[in-house]
Amino acid sequence: MAIRDDLITQITTNLSSYTNFKVSSELPFDSGGNSLYLKNKRTVYVDDLSEEQIQLYRTIDQGTVYQTQTIVEAFLTVDAKNQPTDIEDVIQAILNAKSVVTDTQSNEAIVASDIEDDYVTYTFEYTILKT
Amino acid sequence: MALINVTDGAQAKLTLGNTAPDSDGLITNGLVVPFVQDITVNATPGTVRYSTLDSTSSSAFTTVNENSISLNLLVDEQIMFGNAALTTNSVALNGLFDTSVSKEEIFFSVAITGTGTTGDINITGKGFIGGLAPTASIEGAVFLSPCELIVNGELTKNVES
Numbered sequence: 008m009a010i011r012d013d014l015i016t017q018i019t020t021n022l023s024s025y026t027n028f029k030v031s032s033e034l035p036f037d038s039g040g041n042s043l044y045l046k047n048k049r050t051v052y053v054d055d056l057s058e059e060q061i062q063l064y065r066t067i068d069q070g071t072v073y074q075t076q077t078i079v080e081a082f083l084t085v086d087a088k089n090q091p092t093d094i095e096d097v098i099q100a101i102l103n104a105k106s107v108v109t110d111t112q113s114n115e116a117i118v119a120s121d122i123e124d125d126y127v128t129y130t131f132e133y134t135i136l137k138t
Numbered sequence: 002m003a004l005i006n007v008t009d010g011a012q013a014k015l016t017l018g019n020t021a022p023d024s025d026g027l028i029t030n031g032l033v034v035p036f037v038q039d040i041t042v043n044a045t046p047g048t049v050r051y052s053t054l055d056s057t058s059s060s061a062f063t064t065v066n067e068n069s070i071s072l073n074l075l076v077d078e079q080i081m082f083g084n085a086a087l088t089t090n091s092v093a094l095n096g097l098f099d100t101s102v103s104k105e106e107i108f109f110s111v112a113i114t115g116t117g118t119t120g121d122i123n124i125t126g127k128g129f130i131g132g133l134a135p136t137a138s139i140e141g142a143v144f145l146s147p148c149e150l151i152v153n154g155e156l157t158k159n160v161e162s
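Quick mapping for you: the protein sequence lines, in order, are chains B and S. Just so you know, we're using my numbering here: the first sequence kicks off at 8 and counts up by one. Just so you know, we're using my numbering here: the second sequence kicks off at 2 and counts up by one.
Because the hints were derived from the structure by calculation, they are not lab data. Incorrect hints may appear among the rest.
Reference listing, derived: stretches of chain S covered by chain B, where coverage requires no fewer than 3 residues with Cβ under 8 Å from a Cβ of chain B [claimed, not checked]:
(1) 7 to 14
(2) 37 to 45
Residues from chain B that face chain S, not an exhaustive set, calculated with beta carbons under 8 Å [claimed, not checked]:
(3) Leu-63
(4) Tyr-64
(5) Val-72
Label pairs and their computed distance ranges (CB to CB) [unchecked claim]:
(6) S:Ala-134 / B:Gly-40: 43 to 49 Å
(7) B:Asn-27 / S:Gln-79: 53 to 59 Å
(8) S:Glu-106 / B:Asn-114: 43 to 49 Å
(9) S:Ser-138 / B:Glu-80: 42 to 48 Å
(10) B:Thr-19 / S:Ser-103: 55 to 61 Å
C-beta atoms are modelled at their ideal positions from N, C-alpha and C, and glycine is treated no differently.
Construct the complete structure from the given sequences, taking the supplied hints into account.
What follows is the structure in structure tokens.
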């Protein structure tokens with residue numbers, strides 16, 4: 008959970024100057040089958056992490072070095088027709104939060120957008136590799 | 002016939018020491034090198050080729066054997082740079098790096114089928130540590146290094162009794 012907590016803290020810090028946006032640490036973030044980020048626009052919701060252990064090295068004496076890949080998703084929904092003027096900066100600020108996790112091999116973050124009805128949902132995916 | 006399976010961790014073990022192996026090929030206070038990814042025993046007779054006017058193919062005769070042990074390993078700090086507590090074995094005390102730098106002749110044993118059981122086969126010899134080239138990258142996460150034991154003399158097959 009530490010990586011998720013660190014990301015929430017960093018996203019909160021990075022968005023501190025964007026007063027129209029908030030960050031929620033709530034889990035789970037759905038109500039009655041509907042995701043809360045669809046209801047609470049301009050609020051970033053960070054999902055629980057998923058982890059995968061990948062074998063990096065295997066030695067003859069049965070020594071093993073594992074690489075842990077941690078993936079955390081975050082969601083943000085805003086009005087599609089009247090998008091906030093600073094949405095590009097907000098997206099960058101959320102992506103930049105990836106660097107908060109240290110002692111890693113790689114910290115990557117991507118964002119994808121999905122327009123439905125009159126709103127757009129940004130899905131952020133952080134991928135952290137640690138050994 | 003039986004293949005030598007190395008997947009249970011007991012085979013293909015390299016042991017180093019500064020005292021000669023006993024008649025079973027075992028080295029007293031030997032340092033078992035951990036984290037070996039692969040190991041190769043090179044037992045190669047030297048050859049010279051020559052041609053004769055009465056043959057369309059070349060002939061050959063053997064010269065001296067040129068033997069070596071080559072391996073790749075993940076670098077363990079104490080194995081590479083020494084452990085001050087292991088005073089009974091200079092290789093363990095000084096580590097692979099300093100032993101290579103000092104060109105100290107060492108003894109080795111490669112357990113082929115394991116150790117400690119009657120009939121276990123190992124190959125022993127003496128020589129010098131060379132070929133160390135510790136390499137690190139962020140993708141690799143840990144130090145890796147090749148290593149070569151340049152054999153001084155002959156390799157000997159031993160069977161534990």
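A quick look at each hint next to the structure:
1. 7 to 14: Holds: 6 residues of the segment 7 to 14 of chain S have a Cβ under 8 Å from chain B.
2. 37 to 45: holds (count 4)
3. Leu-63: Hint on Leu-63 of chain B: holds, closest Cβ of chain S at ~6 Å, below 8 Å.
4. Tyr-64: 6 Å, holds
5. Val-72: 6 Å, holds
6. S:Ala-134 / B:Gly-40: 43 to 49 Å: 59 Å, violated
7. B:Asn-27 / S:Gln-79: 53 to 59 Å: 56 Å, holds
8. S:Glu-106 / B:Asn-114: 43 to 49 Å: At 48 Å between Cβs, range holds.
9. S:Ser-138 / B:Glu-80: 42 to 48 Å: Given range 42 to 48 Å: violated, Cβ gap about 29 Å.
10. B:Thr-19 / S:Ser-103: 55 to 61 Å: Holds - the Cβ-Cβ distance for Thr-19 of chain B and Ser-103 of chain S, about 56 Å, lies within 55 to 61 Å.
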